[in-house]
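Number of protein chains: 2
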Amino acid sequence: MDSILFDLDGTVWKDFTLIDGAAETIHALQEAGKRVVGLSNRGTHSRRQIAAYFQEHGIQWEKEDIILSSFLAADYLQTHYPKLPVWVLGEEGLREELAEADLTLAAKPEEADWLVISLHTGVTYHDLNQAFRAVIHGARILATNQDPVFPGKDGLQLDVGGLIGAIEASTGKKTDIIVGKPSHFMYQKVMQQAGSEPEKTLIVGDSLTSDIAMGAMFGLKTALVLTGNTTREQAEISSIKPDLILPSIKELPFT
Amino acid sequence: MDSILFDLDGTVWKDFTLIDGAAETIHALQEAGKRVVGLSNRGTHSRRQIAAYFQEHGIQWEKEDIILSSFLAADYLQTHYPKLPVWVLGEEGLREELAEADLTLAAKPEEADWLVISLHTGVTYHDLNQAFRAVIHGARILATNQDPVFPGKDGLQLDVGGLIGAIEASTGKKTDIIVGKPSHFMYQKVMQQAGSEPEKTLIVGDSLTSDIAMGAMFGLKTALVLTGNTTREQAEISSIKPDLILPSIKELPFT
Chain A
7 MDSILFDLDG TVWKDFTLID GAAETIHALQ EAGKRVVGLS NRGTHSRRQI
57 AAYFQEHGIQ WEKEDIILSS FLAADYLQTH YPKLPVWVLG EEGLREELAE
107 ADLTLAAKPE EADWLVISLH TGVTYHDLNQ AFRAVIHGAR ILATNQDPVF
157 PGKDGLQLDV GGLIGAIEAS TGKKTDIIVG KPSHFMYQKV MQQAGSEPEK
207 TLIVGDSLTS DIAMGAMFGL KTALVLTGNT TREQAEISSI KPDLILPSIK
257 ELPFT
Chain B
7 MDSILFDLDG TVWKDFTLID GAAETIHALQ EAGKRVVGLS NRGTHSRRQI
57 AAYFQEHGIQ WEKEDIILSS FLAADYLQTH YPKLPVWVLG EEGLREELAE
107 ADLTLAAKPE EADWLVISLH TGVTYHDLNQ AFRAVIHGAR ILATNQDPVF
157 PGKDGLQLDV GGLIGAIEAS TGKKTDIIVG KPSHFMYQKV MQQAGSEPEK
207 TLIVGDSLTS DIAMGAMFGL KTALVLTGNT TREQAEISSI KPDLILPSIK
257 ELPFT
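Chains as they are written, first to last, in the working numbering: chain A, 7 to 261; chain B, 7 to 261.
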């Protein structure tokens, strides 16, 4: 393997706490000359914020080594619709990525050509209504990801899928583009950053339907870790088969 | 006609302002010995609150003369599931109706057997997440109504349909029961209150798909008013045909 792609939540960290052995494993891979890239459907934060966290916790990742759906949203719009004003239903990290890509935020929802939806755990009725307005006045919808739930401190929590549902059900419109895993947007960007061939690339993640499915879809080697969303029992009865199943990132062979 | 059923929003009032002539028309009908009943998909308020408003504004309606979806929700649960604890995604008026029907509110969302969803213009992420939790822990979903939008002060606003969408999309569950127009729950309750035969009953409303459709579905006479959601042009091209089209409640013939 030339390159190793790591899902973040449930694989490298969980709720802003590193998983045991993550820093050592990533360091050893980097020392062995591998390209190591992080990827996540997280649209709440910017790459700068996440890289800063990892650097504080002993993982040497530059901003460019981390591909987040917030960045993909900004990158997609900058590439294809650089002049169109955007309305955001989401958090500060997403706005930071949009600003870094020189996109224009609409002053009013009625003036937006795109609504970008991500998780927003501070969302209010006003926020939902402003996003609704953008769409009934013609904005198309880009979602950073469509995960329905995420594991929070006290159990499962409502994820961006719920916010998408609110906007779709009230407007009667459907989301036009979802940039997060397992999309080709995510795949292409992360492979471009890794700079290697699919057959020489391993993706490591805790989700069968997101990480392992994306790897299988594009011909990567795949390793499931059991520190996140998926149990060994679930993996054994699933039709999605990883090449490897490991208790955690700590047990990753450095091949 | 023995009984006249009035939709409220867009027909009798609009955003807590009476439509010109509403008090006089309703008074004249009552004086002429007609049964006059108000009905609304509004699940945000209690009948007591709405009756108090109308009495202050010169319309003599008792609480029992007003059938709201908040009341229907409470009535349905009290009739069929009187012992089961309920979680509320909605406003104070809905809670008042549930309390009046002696229903028990669950202390935690995990303990609820029913989630009741209505419009909640103060909704936060926390509220959505608590409702989400009720459903993933087994609560069935009752919605007061499923209107996607309502006309607010500054244009269309996201209605209860959006909140339902958030819960359905994040939980993967579907709403079990919707009690508001044009359901048979609303029809039966309002006819019971009116105490008349369908062919001697006129329903007056501003919505083709809700008021006029419900009337047509159950064999009532129907009158569309143009003071709310529907224009004459929309009425003329619609497949839903009211018996009468009137500029407003003011022009209602007292037959």
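One or more hints might be untrue.
For chains that are exact copies, the list does not tell them apart, and a pair is met inside one copy or across any two.
Each computed DSSO-like pair below joins lysine-lysine, with the alpha-carbon atoms no more than 30 Å apart [unchecked claim]:
hint, residue 1, residue 2
1, 20, 179
2, 159, 179
3, 179, 40
4, 206, 40
5, 114, 159
6, 247, 179
7, 69, 89
8, 40, 20
9, 114, 40
10, 89, 20
11, 179, 227
12, 20, 114
13, 69, 179
14, 40, 227
Hints were generated in silico from the structure; no laboratory data involved.
Hint check:
| no. | hint | in the structure |
| --- | --- | --- |
| 1 | 20 / 179 | between (34 Å within a copy, 27 Å between copies) |
| 2 | 159 / 179 | between (33 Å within a copy, 23 Å between copies) |
| 3 | 179 / 40 | neither (44 Å within a copy, 44 Å between copies) |
| 4 | 206 / 40 | within (11 Å within a copy, 82 Å between copies) |
| 5 | 114 / 159 | between (35 Å within a copy, 16 Å between copies) |
| 6 | 247 / 179 | between (35 Å within a copy, 27 Å between copies) |
| 7 | 69 / 89 | within (25 Å within a copy, 55 Å between copies) |
| 8 | 40 / 20 | within (24 Å within a copy, 66 Å between copies) |
| 9 | 114 / 40 | neither (46 Å within a copy, 49 Å between copies) |
| 10 | 89 / 20 | neither (37 Å within a copy, 40 Å between copies) |
| 11 | 179 / 227 | neither (37 Å within a copy, 34 Å between copies) |
| 12 | 20 / 114 | between (36 Å within a copy, 26 Å between copies) |
| 13 | 69 / 179 | neither (34 Å within a copy, 38 Å between copies) |
| 14 | 40 / 227 | within (15 Å within a copy, 77 Å between copies) |
Hint check: violations occur at hints 3, 9, 10, 11, 13; the rest are consistent with the structure.
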